[in-house]
Amino acid sequence: MINASQFIRFFRKKLVLGLIFSASLIYCVTTVLRDSPGVGQGADGSEMGSISLPANSFRWTTNTTSLTCRNSLQGPQWVADDRGYVCNRTLLLSSGCCDADQGLERYPCDSCADGCCSSYEFCISCCLRPQQRPTLERVLGRLGRSPKSLKLYALVQTQFDLCLTKCRTSSQSVRNENTYIDPVKKHCFGENS
Amino acid sequence: MISAFVWSSCLVLLQLTQAEVRVTFTTTTIPDEYLVHFKHYLLPVTRQRYIQAGLRDKYEVLPRSKFRDIASDFEVIRYNGDLARLRDHPEVKYVNHHKSVRRLFSVINSTESDASNEPDVHKVKLKNEKKSAPTKKKRKQSSKSYHSPEVFMGLVGEAHKTRKLLRVINTKQVTQVLQADTLWELGVRGKGVRVAVFDTGLAKSHPHFKQIYERTDWTNEKTTEDGLGHGTFVAGVIASSHPDCMGFAPEAELHVFRVFTNNQVSYTSWFLDAFNYAILKKMNVLNLSIGGPDFMDKPFVDKVWELTANGIIMISAIGNDGPLYGTLNNPADQMDVIGVGGINFENEIAKFSSRGMTTWELPSGYGRLKPDLVTYGSTVYGSAINGGCRSLSGTSVASPVVAGAVTLLLSGVLDLFSLVNPASMKQALLSSARRLSGPNMFEQGWGKLNLIEAYQALRAYTPQATVSPSYIDFTECPYMWPYCTQPLYHTGLPTIVNVTVLNGMGVSGRFVEPPQWKPYLLQNGHVLNISMSHSEVIWPWSGYLALHIVVNERGAQFEGVAQGFVSITVESPPEKGSDKPRTSVVELPIKVRVIPTPPRHKRILWDQFHNLRYPPGYFPRDNLKMKNDPLDWHGDHVHTNFKELYTHLRNTGYYVEVLGEPYTCFDAKNYAVLLIVDPEEEFFQEEILMIKNAVRDEQLNIVLFADWYNSTVMQKVRFYDENTRQWWLPDTGGSNVPALNELLALWNITLGDGVFEGDFKLGKHDMNYASGTEISSHPKEMLTISKKLNDQGLEIIEGEGANTTPKKTQDAVIAGILQTKVDDRKAGRLAVYGDSNCLDSAHLKRECFWLLNAFLQWSTTGQAPPIFNRKDVRPKENEIATRSSAQRMKGNNLHKYSKVIGAAGQHPPTECRILNFSEPVVVNSSAPSEVYKPQKLLSIDLNLLPPPVKIIQRLDDDQLLPNGDVLVKQDSVHDRALGESGLSIPSAWLWFLVKYGSALLVFYLLLRVFVRRIIPRLLFLGQRTRQVTVA
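As you go down the protein sequences, you meet chains F and B in turn. Under UniProt numbering, the final residue of the first sequence carries the number 193; numbering is consecutive throughout. Under UniProt numbering, the final residue of the second sequence carries the number 1031; numbering is consecutive throughout.
Hints listed in this document are in silico derivations from the structure and should not be mistaken for laboratory results. As the structure is a prediction and not an experimental result, all values here were calculated from the model. There could be a bad hint or two in this list.
As the list claims (entries may be wrong) - What follows is a list of derived Cβ distance ranges for each label pair:
# : chain 1 : residue 1 : chain 2 : residue 2 : range
1 : F       : Thr-90    : B       : Met-296   : 26 to 34 Å
2 : F       : Arg-175   : B       : Arg-825   : 54 to 62 Å
3 : B       : Val-994   : F       : Leu-17    : 21 to 29 Å
We put the beta carbon where it would ideally sit given N, CA and C, even for glycine.
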């Protein structure tokens, strides 16, 4: 019993309480600093600074002038340009634009359902639809949870960039690593993945 | 120095296994000859200058012809005078008398007495590996470094199927050997090229690197530092600027992607995100010294296609699983990737380098030519993790050598940037590669990287399509192995050549018209029929063209060489600024040796259709003792892991054909023997019926090498797969014994579910039974052999503890031969052996090709091999009856991977292939005498020195990129990262102080209250209760 009362008295000393306080303060500050993403060192340890999304220079506008276009480049047969047209490579003009005079539909969503498409190119054109903006804003808003995605979308400047990147298959598209969650509709711009 | 030299020489040569070599040497000092040893590795010119500075009088440098142009740390001089000044030179370490050394090797038995008391005698235990003479060894790594364990050596760990860092096994300035300095002198040093290194990371301020542009981490370890040394080394080979271990492109923009952890783990999902980032950042070159056997990892393979489709030149290591065939790693085995194999500085294929055709196309097709090319990958000097240089080996090293060379080449053709893409770069590298004289095409690809000629090829490049291999010559050995090992004949199954089309004109292309077969009339081309199939779309940058070659009726009696060529036209959509599509016509010369159809008793049919492998399913290895390599992943083809068997059969005079279709698709009249080795696939009912008829009516003989199957053992060998994060249960045993039993039921033979193992003697041959089955019941007239073997199944089922108890042995019938009869008329013969391990080059313990020969002899002549002696090998009847036959494991996933059964039962039988032969367009002229044209792309004289090139700065960075458009300027990202992290910290501190400071204040107050009020009360309560109890 004597020991217990001594113990209590020991704890009442201001010095001891102060020590406890400062120790926990230091611990708290250091752990919070280390874990907090977007401040100082990124959570992934890379030299990425804090990122505000969408990027400062982000523009929701899509290409309206039809002089030159950027396009999706990669596809075996289809190409999506930044105006929202999808065409066969044979209809691709030297400007990089799809030949819209050939009666192409703008912003086609063929093969898409619930924000996921089976074709990368149609995913892009569907994602470029102006009415997708609220969806895409929600998608961008959720990125903060994943530092790896942050890294990717930090470089995005236009809606076309965003759609190019979002429609690619990613870590969110696979199950058990070596299989797609949905082998058909694997290109998604929506929130599903 | 000298003793170090000799000591390392002791490791030299010899391919002995368990003998010791005594090396004695005597040394004599040579008058007036000195060894000047410098502190650094210096070029000859510099060495001369230093020596000149130290010596007043005339001296003579003794020539060392082999190292004339190579940096060295010593020089041998003949000089008669005072050496004091030279010794004082700041760059000179020491000057010694030159000694002549005489070495005497003598191989002795290990029982001989130790000779340690004799002076100047070293005893060296020889390795089971061939080590070539160290021509110039650096002191630090004499014999020691050879043994020093590398952290990443034992990478294999649990499974071969994980994607792994291609280990770097444990020297030389590779840049000098490849003459990179010629380009450096032109001012080409890698500037303006973005190169991505996907590896284990890199230290932020490693002294060897001028500009590490960015480091990103894609693992779960929250660091970008390299904990293994693999990433540092690979990055060093590409971009180091340290004079002792120069990289190829020291001024390239280095982007480090950390995708492999210190625990050697990596996941497909990490790669997907990292690859996306690389596309977004518009990398030009990407090195991946990582690989795995899972080419069916669809998300990964798709992503690699996407990557190259975006114009990123991807270079990957072919794997370190040699010298076994069928060991190519993904993604290096992809058409759009440059797959690199390794050679040593003696221009021999490194033993570790993976080789053999690709196995994606099996069983119905045939593999593609890989690796694409080879380069130095053995004892190469590169950056070490601690800031120094070190020597390492592995295809992990060879890959960055090519990646560094590609980076350097790109920076030398910035003015031609729009022409450079993954295909044109590959075309330039392949067309300029120097072929090595010994190895075949599935070992060396197009040959050895030649940097300077690749540069010239690239400068002279015009967009075009090419094919790999660029010609097919069945008469050229050994390069055209295996095509050169067996001639074609009428009625033979088609010989398949899988040609890769590289299209430098655009990411997407197509065959304009069906490929045409153009036989030379004068060269008997008309005896050949060729059927061609090809990719619908040539994408990305590449496609396939498969030739099925057969000899038609006109060639039934023909003996000689038939020649012709296949002509293809490839078209790509117009390039930017043009309206016309581009086309390219490629001619593929074909030269085939034809013989009259050999007699039936010489013809063997290899069953490929029933061999299943990893990927996709878990088909366990046939030898259960090989725990660290549990998967059967080499393809089980006569040109992969059964290559030795194929060579043996060919040498014995048999003709081997490969059946990639069900048994219903071949004519039994043509073959003496159907050879079934280690089948995992089920059998169609139609196939069993066909075999029954063929054996009965056509006298077809069957030789079967089975393997183990026991469902309890299969449950035991399941494992947790780190890669897919799920438990893996085998889909069959070593082979599919229950399916085989359905076939063997035709003759009342049953294979059991026992798993046996052990050594024994068969005739005068030592044999090893490595996890095999037994014949559990058979008809009386079958001649059998039974042996006392360990019950390995029981050992595995009872677990580890059982190892201490004496092994349980049992009599097991391991082999049997049977003459089938129909109403006393002799029909086909059967030969069965319970283990296939002795034919398989993978994990081969003791080969039994002699047994196969005996079986073939029995099949073709009816002469029972002497080892089958009725008297002493007949097992007791009652014992056989007690054995159980193998039963299918419940809940196995074989139906997912089988071509025969599905979840709902058996499929209708696979349709037999119908070949549509291309209508021959006869060429009425003579074939060129030489089919092989080594420099297809080049149009300039290679002997000329490279033309001086004005290096064009990439001003309009974005437009010149082959990737097309661009999102962000590189620099801005880099700067922003620095700037923002600097800015954000003070405000963050303020925020934290406010937010967490207040929280802590509350916490402090609560603590005070707790300590002052609540604790005493609690203690008081405790006191009172105690008092009560006392009372």
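| Structure-inconsistent hints, enumerated in ascending order | none
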